[in-house]
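Chains as they are written, first to last, in the numbering used here: chain Z, 528 to 754; chain A, 690 to 938.
Calculated from the structure, these hints are not laboratory results. Keep in mind that a hint or two might mislead.
Under the rule of at most 25 Å between Cα atoms (straight-line distance), these lysine-lysine pairs were calculated in the DSS-like manner [said to hold, decoys possible]:
(1) Lys846/A - Lys750/Z
(2) Lys904/A - Lys735/A
(3) Lys846/A - Lys904/A
(4) Lys695/A - Lys926/A
(5) Lys846/A - Lys689/Z
(6) Lys689/Z - Lys750/Z
Quantities reported herein were computed from a predicted structural model and do not represent experimental measurements.
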Amino acid sequence: MSGTSAWHAFTALLRRDLVLAFRRRTEMFQPLIFLLVVVSLFPLGVGPSPQLLASIAPGVIWIAALLATVLSLDTLFRSDFEDGTLEQFVVSGHPLTAIAFAKILAHWMVAGVPLVLMTPLLSLWMNLSVDGMVVMLVTLVLGTPVLSLVGSIGGALTVSLKRGGQLLSLLVFPLYVPLLIVATNAVSAAVAGLPYTGQLGLMVAGLIAALTLAPFATAAALKLSLE
Amino acid sequence: MNPIMKFIHLMGSPPWFYQFSGRLIPWLWGLFVVLAACGLYLGLVKAPPDYLQGESARIMYIHVPSAWMSMMIYALMAVMGFVGLVWHVRIAEILAISSAPIGALFTAVALASGSLWGRPTWGTYWVWDARLTSELVLLFLYLGVIGLYSAFDEPRKAARAASLLALVGLVNLPIIHYSVTWWNTLHQGSSIGASGSSIHPSMLWPLLIMALATKFYYAANLLSRARIRLIEQDQRKNWVRELLQEGTA
Numbered sequence: 528m529s530g531t532s533a534w535h536a537f538t539a540l541l542r543r544d545l546v547l548a549f550r551r552r553t554e555m556f557q558p559l560i561f562l563l564v565v566v567s568l569f570p571l572g573v574g575p576s577p578q579l580l581a582s583i584a585p586g587v588i589w590i591a592a593l594l595a596t597v598l599s600l601d602t603l604f605r606s607d608f609e610d611g612t613l614e615q616f617v618v619s620g621h622p623l624t625a626i627a628f629a630k631i632l633a634h635w636m637v638a639g640v641p642l643v644l645m646t647p648l649l650s651l652w653m654n655l656s657v658d659g660m661v662v663m664l665v666t667l668v669l670g671t672p673v674l675s676l677v678g679s680i681g682g683a684l685t686v687s688l689k690r691g692g693q694l695l696s697l698l699v700f701p702l703y704v705p706l707l708i709v710a711t712n713a714v715s716a717a718v719a720g721l722p723y724t725g726q727l728g729l730m731v732a733g734l735i736a737a738l739t740l741a742p743f744a745t746a747a748a749l750k751l752s753l754e
Numbered sequence: 690m691n692p693i694m695k696f697i698h699l700m701g702s703p704p705w706f707y708q709f710s711g712r713l714i715p716w717l718w719g720l721f722v723v724l725a726a727c728g729l730y731l732g733l734v735k736a737p738p739d740y741l742q743g744e745s746a747r748i749m750y751i752h753v754p755s756a757w758m759s760m761m762i763y764a765l766m767a768v769m770g771f772v773g774l775v776w777h778v779r780i781a782e783i784l785a786i787s788s789a790p791i792g793a794l795f796t797a798v799a800l801a802s803g804s805l806w807g808r809p810t811w812g813t814y815w816v817w818d819a820r821l822t823s824e825l826v827l828l829f830l831y832l833g834v835i836g837l838y839s840a841f842d843e844p845r846k847a848a849r850a851a852s853l854l855a856l857v858g859l860v861n862l863p864i865i866h867y868s869v870t871w872w873n874t875l876h877q878g879s880s881i882g883a884s885g886s887s888i889h890p891s892m893l894w895p896l897l898i899m900a901l902a903t904k905f906y907y908a909a910n911l912l913s914r915a916r917i918r919l920i921e922q923d924q925r926k927n928w929v930r931e932l933l934q935e936g937t938a
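Using the sequences plus the hints, can you model the full thing?
Now the structure itself:
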């Protein structure tokens, strides 16, 4: 298989997944609504004190983003697995890594980007300062692709299981720990007026590492699930 | 073929592995019992109490070897999983997945003994200390591997999926460890450090003996578990039938 045909497969699959997601809009909005509901529960649970909300805001928004991502990860490969499309991808002869990467990219565009767009609203709710909001936006732009990339490994491993959803969260959350630590710390540092470029640098490094390694692991996991 | 390669090839054969490990296991258990008895006697009776922490420092003789083992077993599990995934060696898959519960056990022991030691020393059962937190995440990683393995019906597919997850976890483990350490230094000053830069030999020896004892425990437990898993998987194969007939005859 030449490089151009792999590129064709990649773009075709990306387009198909985006069209499919657009036609199932209500499904697409569910994780977003979930995100809004989870964040809105925090002021109700801990009290509406603006200082308290501002101090826990980075953690709350980021944890809600993790939860929303994991919620949508379970469906990442499931429908393709159930109707046999995934098997066709494997026998098509196109590199499975490119196919996995297209699926991951589509997932990020459908699940990750809307999440980033919600940040201003969530930051308002959580009384985050403007500096904090801007850095929160940057960390989410850098971090949500990592959520999709690393999470896709878990999604691929559990796709052949009937009830993989609960297991998926157990598999994926420990892997998200470094990202959560660095991202929330960058936002807290920005709010406190401290330098945060180091944290953002670490996040870029994490993104590059996930970009280069995760699609291979996801492809291996997909092949395994189809055995 | 040189003897080492020949040995590795032989270990890949289920009947040979079964026979060999069967002969090895009593020795491993025996060595563990002798070493653990010596180590515990030296550590709990002979070694002097710590001048700062008193008698509670003796938890170290259980806690430290368990923490070491929890990390070593994870690495070994991932390495064996890698061998199983790449070269389709079934014994390696079995060894990898049999390591997970033992590793989880050591992690749990390290966490529990650490928190019991924390009560008299730090005045609380739990602090979000860097090492405790890393160890907790490690426990979650182990539970993920065990959970994924038990979710599949087909044992070989299960072992391969769990091995892949263990490998992903191994890549992540250093990142998790360093990020947690970094997080901890930002949020609180370093907790009480080690009581001294060098450990007196009367306290070092029991620690080293216990570290060795836990390695034999792991080897013995691992081989015992792997043997059971192997004959369970191969129960319809000829060599297991022959084994059973030998046993009844």
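Structure-based check of all given hints:
no.	hint	verdict
1	Lys846/A - Lys750/Z	holds, 11 Å
2	Lys904/A - Lys735/A	holds, 23 Å
3	Lys846/A - Lys904/A	violated, 29 Å
4	Lys695/A - Lys926/A	holds, 24 Å
5	Lys846/A - Lys689/Z	holds, 15 Å
6	Lys689/Z - Lys750/Z	holds, 17 Å
Taken one by one, the earlier hints fail for this structure only at number 3.
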